[in-house]
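> So the protein lines, in turn, are chains A and B. The first sequence runs 102 to 342 under this note's numbering. The second sequence runs 1381 to 1429 under this note's numbering.
Because the hints were derived from the structure by calculation, they are not lab data. Each residue gets a CB set at the ideal place from its N, CA and C atoms; glycine is no exception. Incorrect hints may have been included.
Label-pair ranges, simulated between beta-carbon atoms [claimed, not checked]: (1) B:A1400 with A:Y125: 41 to 49 Å; (2) B:W1395 with A:P272: 37 to 45 Å; (3) A:N171 with B:E1414: 29 to 37 Å; (4) B:R1411 with A:N171: 24 to 32 Å; (5) B:L1425 with A:L224: 44 to 52 Å; (6) B:W1395 with A:L284: 22 to 30 Å.
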Amino acid sequence: MRKTHALWLLVRTLAALWMAAAGYAIFFVAPDERTMHEVQRIFYIHVASAWTAGMAYLLVAVAGVLYLMNRQPRHDWLGVAAAETGLAFTTVVLITGPVWAKPVWGIWWTWDARLTTTFVLWLMYIAYLLIRNLVEEPQRRAVLAAVYGIFAFADVPVVYMSIRWWRTQHPSAVIGGGAGSGLDPTMKAVLFFTWGATMALFAVLVRVRYRLESLRFEIELLRQEAEEPSAAPAALRLQEN
Amino acid sequence: MKNFDSLLAAYFIFWAVIFAYQFTVAKRLNRAEEELKRLKQQLALAGRA
Chain A
102 MRKTHALWLL VRTLAALWMA AAGYAIFFVA PDERTMHEVQ RIFYIHVASA WTAGMAYLLV
162 AVAGVLYLMN RQPRHDWLGV AAAETGLAFT TVVLITGPVW AKPVWGIWWT WDARLTTTFV
222 LWLMYIAYLL IRNLVEEPQR RAVLAAVYGI FAFADVPVVY MSIRWWRTQH PSAVIGGGAG
282 SGLDPTMKAV LFFTWGATMA LFAVLVRVRY RLESLRFEIE LLRQEAEEPS AAPAALRLQE
342 N
Chain B
1381 MKNFDSLLAA YFIFWAVIFA YQFTVAKRLN RAEEELKRLK QQLALAGRA
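Given only the sequences and the hints, what does the whole structure look like? Please build it.
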């Protein structure tokens, strides 16, 4: 128990140090962009948050598949933890985008393909959390959330491809954009370093949110036991599976 | 230092969203821990735990 606590403290400290180092790299290591200057540095946190959100939703889908295969509650806990944390990162993307767009495009928002599909993605995962709140029976809720989480993930590749499929107000891809695209090597290094930091932060947040879900499950079992003593052993068998 | 305020706003927003989310999770976690403790005590008094 003490070993786990020490490891957890180490992970949290590393994530915090990594985020601090990423902040330093963004402001003092990354070169100044020729046309946008300082405001372009929003790029690092904006893109890193978008990629982290994409990974979060992939995790929701993987957890959903695992839950449908094994019916283990821990996969459901992982799914909801990743969805909620992914939603926090998508919120960052949707707010930092307009803050960057205003001085560069002269407008806060436009309904172009990338912005619209990202907004739809945000709404889809809000719906995921709402669905979970609407269904009371735990197993039914978990199955529904798993199926929905798998289907909702379909929007992630659409968001990724939107700037490749359509001509948009949003800039075209600088990484994986084909011929003519590209990024300064230092900028690229800072971007990937920042993404690593946001992924570490994501892991810490998911771990905390996962613990909350596991406690809620335990509470549910104890409530069943308090209300109906004979129901508890069946519920405990579910946990053991 | 053109548009430096937008850059600062973006980084402030990032941390504000993350801390707000962390705060709500911590609050829910505390509530769940208290509820769990209360239920365990209730069951112990009833002689079931």
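> So, for every hint listed, does it hold in this structure?
Hint-by-hint comparison with the structure:
no., hint, result
1, B:A1400 with A:Y125: 41 to 49 Å, "24 Å, violated"
2, B:W1395 with A:P272: 37 to 45 Å, "25 Å, violated"
3, A:N171 with B:E1414: 29 to 37 Å, "31 Å, holds"
4, B:R1411 with A:N171: 24 to 32 Å, "29 Å, holds"
5, B:L1425 with A:L224: 44 to 52 Å, "46 Å, holds"
6, B:W1395 with A:L284: 22 to 30 Å, "25 Å, holds"
The earlier numbered hints that this structure contradicts are 1 and 2.
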